[in-house]
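Asker: Here is what each chain is made of, one letter per residue.
Number of protein chains: 2
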Amino acid sequence: MQSVLNYLTQNQDRFVAELCDYLRFASVSAQPQHKKDLLACAKWLLAHCRKIGLDARLCPTAGHPIVIAKTRRANNSAKPHFMVYGHYDVQPPEPLDLWKSPPFEPRIVGKNLFARGSTDNKGQNFAHLKAVEAYIKTGTPLPCDLTFVLEGEEEVGSKNLSTFLKAHRQELACEAIVVSDTGMPAPQHPALTYALRGIIAFEITLHGPARDLHSGIFGGAVENPAMALSQLLAKVRDENGRVKIPGFYNGVAPLSKYEREQIRRYPLSDAGLKKLIGAPQLFGEKGFTATEQRSSRPTFEINGLTSGYQGEGSKTIVPSWARAKVTCRLVPNQKPAHVRKIVCAWLKKNCPPSVRMEISAGHGAEAYLVSPTSKPAQAALCALEKAFGTKPILMREGGSIPIVNEFKKVLGADTLLLGIGLPDDNAHSPNEKFNLDCFVNGQRMSAFLWKELTR
Amino acid sequence: MQSVLNYLTQNQDRFVAELCDYLRFASVSAQPQHKKDLLACAKWLLAHCRKIGLDARLCPTAGHPIVIAKTRRANNSAKPHFMVYGHYDVQPPEPLDLWKSPPFEPRIVGKNLFARGSTDNKGQNFAHLKAVEAYIKTGTPLPCDLTFVLEGEEEVGSKNLSTFLKAHRQELACEAIVVSDTGMPAPQHPALTYALRGIIAFEITLHGPARDLHSGIFGGAVENPAMALSQLLAKVRDENGRVKIPGFYNGVAPLSKYEREQIRRYPLSDAGLKKLIGAPQLFGEKGFTATEQRSSRPTFEINGLTSGYQGEGSKTIVPSWARAKVTCRLVPNQKPAHVRKIVCAWLKKNCPPSVRMEISAGHGAEAYLVSPTSKPAQAALCALEKAFGTKPILMREGGSIPIVNEFKKVLGADTLLLGIGLPDDNAHSPNEKFNLDCFVNGQRMSAFLWKELTR
Chain D
168 MQSVLNYLTQ NQDRFVAELC DYLRFASVSA QPQHKKDLLA CAKWLLAHCR KIGLDARLCP
228 TAGHPIVIAK TRRANNSAKP HFMVYGHYDV QPPEPLDLWK SPPFEPRIVG KNLFARGSTD
288 NKGQNFAHLK AVEAYIKTGT PLPCDLTFVL EGEEEVGSKN LSTFLKAHRQ ELACEAIVVS
348 DTGMPAPQHP ALTYALRGII AFEITLHGPA RDLHSGIFGG AVENPAMALS QLLAKVRDEN
408 GRVKIPGFYN GVAPLSKYER EQIRRYPLSD AGLKKLIGAP QLFGEKGFTA TEQRSSRPTF
468 EINGLTSGYQ GEGSKTIVPS WARAKVTCRL VPNQKPAHVR KIVCAWLKKN CPPSVRMEIS
528 AGHGAEAYLV SPTSKPAQAA LCALEKAFGT KPILMREGGS IPIVNEFKKV LGADTLLLGI
588 GLPDDNAHSP NEKFNLDCFV NGQRMSAFLW KELTR
Chain P
168 MQSVLNYLTQ NQDRFVAELC DYLRFASVSA QPQHKKDLLA CAKWLLAHCR KIGLDARLCP
228 TAGHPIVIAK TRRANNSAKP HFMVYGHYDV QPPEPLDLWK SPPFEPRIVG KNLFARGSTD
288 NKGQNFAHLK AVEAYIKTGT PLPCDLTFVL EGEEEVGSKN LSTFLKAHRQ ELACEAIVVS
348 DTGMPAPQHP ALTYALRGII AFEITLHGPA RDLHSGIFGG AVENPAMALS QLLAKVRDEN
408 GRVKIPGFYN GVAPLSKYER EQIRRYPLSD AGLKKLIGAP QLFGEKGFTA TEQRSSRPTF
468 EINGLTSGYQ GEGSKTIVPS WARAKVTCRL VPNQKPAHVR KIVCAWLKKN CPPSVRMEIS
528 AGHGAEAYLV SPTSKPAQAA LCALEKAFGT KPILMREGGS IPIVNEFKKV LGADTLLLGI
588 GLPDDNAHSP NEKFNLDCFV NGQRMSAFLW KELTR
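Protein sequences, first through last, are from chains D and P.
Positions in the first sequence are counted from 1; adding 167 to them yields the numbering used here.
Positions in the second sequence are counted from 1; adding 167 to them yields the numbering used here.
With the rest of the complex left out, here is chain D (with noise of 0.2 angstroms):
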């Protein structure tokens, strides 16, 4: 293992000289004007993979292509085998205006290699190849056969992935797949994420009159949408934040007392939060901290709210109708499906007949859960300590990552989320960057990783 760490440290200059050449592809996968540029930078990513020593090709997709690379293994090989999973497609870099420095110019200033695609995704994935090439250039036998799995369609959707992965179930099939493409609170703080939030989305119109009416001549007489839509959703939660829609929290497991330990060790105060998000104050679910209520919580959030006149000045009229676009966040064990049956169903109940509602469904996405006390989560832990240098944070987060959900359903393995970007990386706006300690400590991370799995 010491052959492995000394000859990461010894070739991080160029690693790093890699990693620009990687970044300088303006790999845009949502501008079709640069379809060439996705093509060349996987090629490059095809003959890097091969130069470190992995069989690799590359799998055409009704879009973007996909480079599979793999660490060559004997036949019938008992070793476990795992995926990893990233992409080489870019966010847009738009507005360019914003740019200290040209996106695709990859730019080192102190320990920040700024460039689009630095933290998300290239500058992640980079790092679990890099600690690979470790291991086969210095002949160190890997305790495990690996697959990495890198498209080039994640900012879109990632839409040809899930008839690729259905496809290629059998070769895919692994014990775990391990993703870094989330974050860690700071440079200091490494993190398992274990836990996503799911999602329902959709649209609340409640239609009065055929049409906006003069407020002198039939206010008073008319149900004004705009309050009947008030009152709707001011029932949805009560003066505890608790959301009041029966079986709302059907099947949310408590927080375990291990899970609130560490949560409580995730490094923001209160006082942090309400700085960064520069609201009068705090507010959320009663008898659950801040952190607890933005990643362990469900939610019933309105979006947007429409209705009427919203120009200057004003317009004496009833509007004809009334709309919220709302979201809500789910938990591990709540159903999309369900949840979403239910509020709608309440919100139909709890509608006055003095308007006409419309419900229409956007999208959904379930929660994710591997559970912190699991072995491979518990070898996450270990490898991040180790490559780190100090105890690691056990999150969860907020957001939903569909992919996951997608590798549970066609391989039926789970995913380990060990993200090494950090809160101020930019990732999706201008100047992203990538700090490279992170990225040195990423490789570290993946090469301890690969042993704590098979241990």
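Please note that a few of the clues may not be correct.
The list cannot tell twin chains apart, which means a pair is met if one copy fits it or any two copies do.
What the hints assert, rightly or not - Below, in silico cross-link-like pairs of lysine-lysine (DSSO-like), each with a Cα-Cα straight-line distance of 27 angstroms or less: (1) 453 x 202; (2) 411 x 516; (3) 516 x 441; (4) 515 x 442; (5) 516 x 402; (6) 508 x 482; (7) 515 x 402; (8) 453 x 402; (9) 441 x 515; (10) 237 x 333; (11) 326 x 482; (12) 304 x 237; (13) 411 x 515; (14) 442 x 482.
No lab work stands behind these hints, which were simulated from the structure alone.
Position chain P against the provided structure of chain D, taking the given hints into account.
Answerer: Frame of chain D; chain P shown alone:
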């Protein structure tokens, strides 16, 4: 009296031709390019008033001139003095492509005269001029002195009328003002409008986080301003349609038995109203009929709601702020400043500490009431009945007409609102028209009115 009525009958064709001349002026006060058309129209009106035997003059203002026309009175006339108010300016005719014939080329189809300004207000004020012409030309002594005040800025807010009234307070001192600029429910249902609702307008904004937040990362630990606004607005009205803000109904006089009987005569059934507005059902304050609710009861009306994302699909945010535009309709005895004060104080008291409230004040106007059992109101009802041959309706209007408050404030006199426009006259819309039966009966009503008022 019979000779006056005969004169009106015998000269109807000429009156219509003269009204067409009046309507040919494109006296659009909102559009600067029509300044010369307004002046030309005022001069034509001046000449016409002189021709029918009135003492008339043009009074310049900071905007368009006011035409003053008076019956000739002996020195130290002991006759009571009444004022007739009207306006010769018109609404912009746009959109022009929706007109079936050009807006300033009057066209008669059956009983209707189509032209911009026909019902609002040239046709209506011209009826009063024709009645006084009949008195003068037949040598019938008028039982009162009359002053016509015909302004050119009603459609742009009568900005210079108040200054004019104050400067001519003595000359205009009168028993009452007569205005035909409202409506009647149907050709066979003449009406006296004896009350108008007042109004206050304001905007409530609730500020939460400093910017829109990711609902996955932060949702659950921060107040959603759209939810806070919904919960605040929901508290305003109970399930019986009553405003729950303490003191809101202070001073509101109950409707008398006589008024309620009169209101019941308004020829629009609940089914008819429901069909007219196209709502799933009628809804209003319990204990009042729909006609009472929309004419005689105060309201708290949300005119618009704005918060967060309003485009296609969904955007997973906690909005930074949420806003409601509100107008309250007020009834006689409710003081706008007082109602504004108690409503704002209540909103502030009920705003949760998780958001910051901002209330911006808009316009306000007092309600208006002439007792329907007062002598002038009863006289007007007699005149209407004699002119139209059917029992008139006693109406309250749900909207506001600010000039009547101005008349009361400056001249200390009540206004009789004797509108002869019909609901389908398309005032302010393309294909505005005026019913020629209403024109004839309006002249007769005016002729009878001076007798009844001085009986």
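Asker: So, for every hint listed, does it hold in this structure?
Answerer: So, going through the hints one by one against the coordinates:
Taking CA atoms no more than 27 angstroms apart as the test, residue 453 paired with residue 202 passes in neither setting, with 50 angstroms inside one copy and 65 angstroms between copies. Taking CA atoms no more than 27 angstroms apart as the test, residue 411 paired with residue 516 passes in both settings, with 14 angstroms inside one copy and 24 angstroms between copies. Taking the shortest alpha-carbon separations for residue 516 and residue 441, only the inter-copy value of 23 angstroms comes in at or below 27 angstroms, while the best intra-copy value is 37 angstroms. Within a single copy, residue 515 and residue 442 get their C-alpha atoms only as close as 39 angstroms, which misses the 27 angstroms cut-off; across copies the closest is 24 angstroms, which meets it.
Both within a single protomer and between protomers do residue 516 and residue 402 lie at most 27 angstroms apart by alpha-carbon distance, with minima of 12 angstroms and 20 angstroms respectively. In the homo-oligomer, the alpha carbons of residue 508 and residue 482 lie at most 27 angstroms apart only across protomers (21 angstroms), although the nearest pairing inside one protomer, at 37 angstroms, exceeds that limit. Taking CA atoms no more than 27 angstroms apart as the test, residue 515 paired with residue 402 passes in both settings, with 13 angstroms inside one copy and 21 angstroms between copies. In this assembly of identical chains, residue 453 and residue 402 lie within 27 angstroms of each other by CA distance both inside one copy and across copies; the values are 17 angstroms within and 22 angstroms between.
In this assembly of identical chains, the alpha carbons of residue 441 and residue 515 lie at most 27 angstroms apart only when taken from different copies (22 angstroms versus 36 angstroms within one copy). Within a single copy, residue 237 and residue 333 get their C-alpha atoms as close as 18 angstroms, which meets the 27 angstroms cut-off; across copies the closest is 93 angstroms, which misses it. When the C-alpha separation of residue 326 and residue 482 is checked against a cutoff of 27 angstroms, the pair qualifies only between copies, where the shortest distance is 19 angstroms, while the shortest distance within a copy is 45 angstroms. Within a single copy, residue 304 and residue 237 get their C-alpha atoms as close as 15 angstroms, which meets the 27 angstroms cut-off; across copies the closest is 110 angstroms, which misses it.
In this assembly of identical chains, the alpha carbons of residue 411 and residue 515 lie at most 27 angstroms apart whether taken from the same copy (15 angstroms) or from different copies (25 angstroms). In this homomeric assembly, residue 442 and residue 482 come within 27 angstroms of each other (Cα to Cα) only across copies, at 24 angstroms, whereas the closest approach inside a single copy is 37 angstroms.
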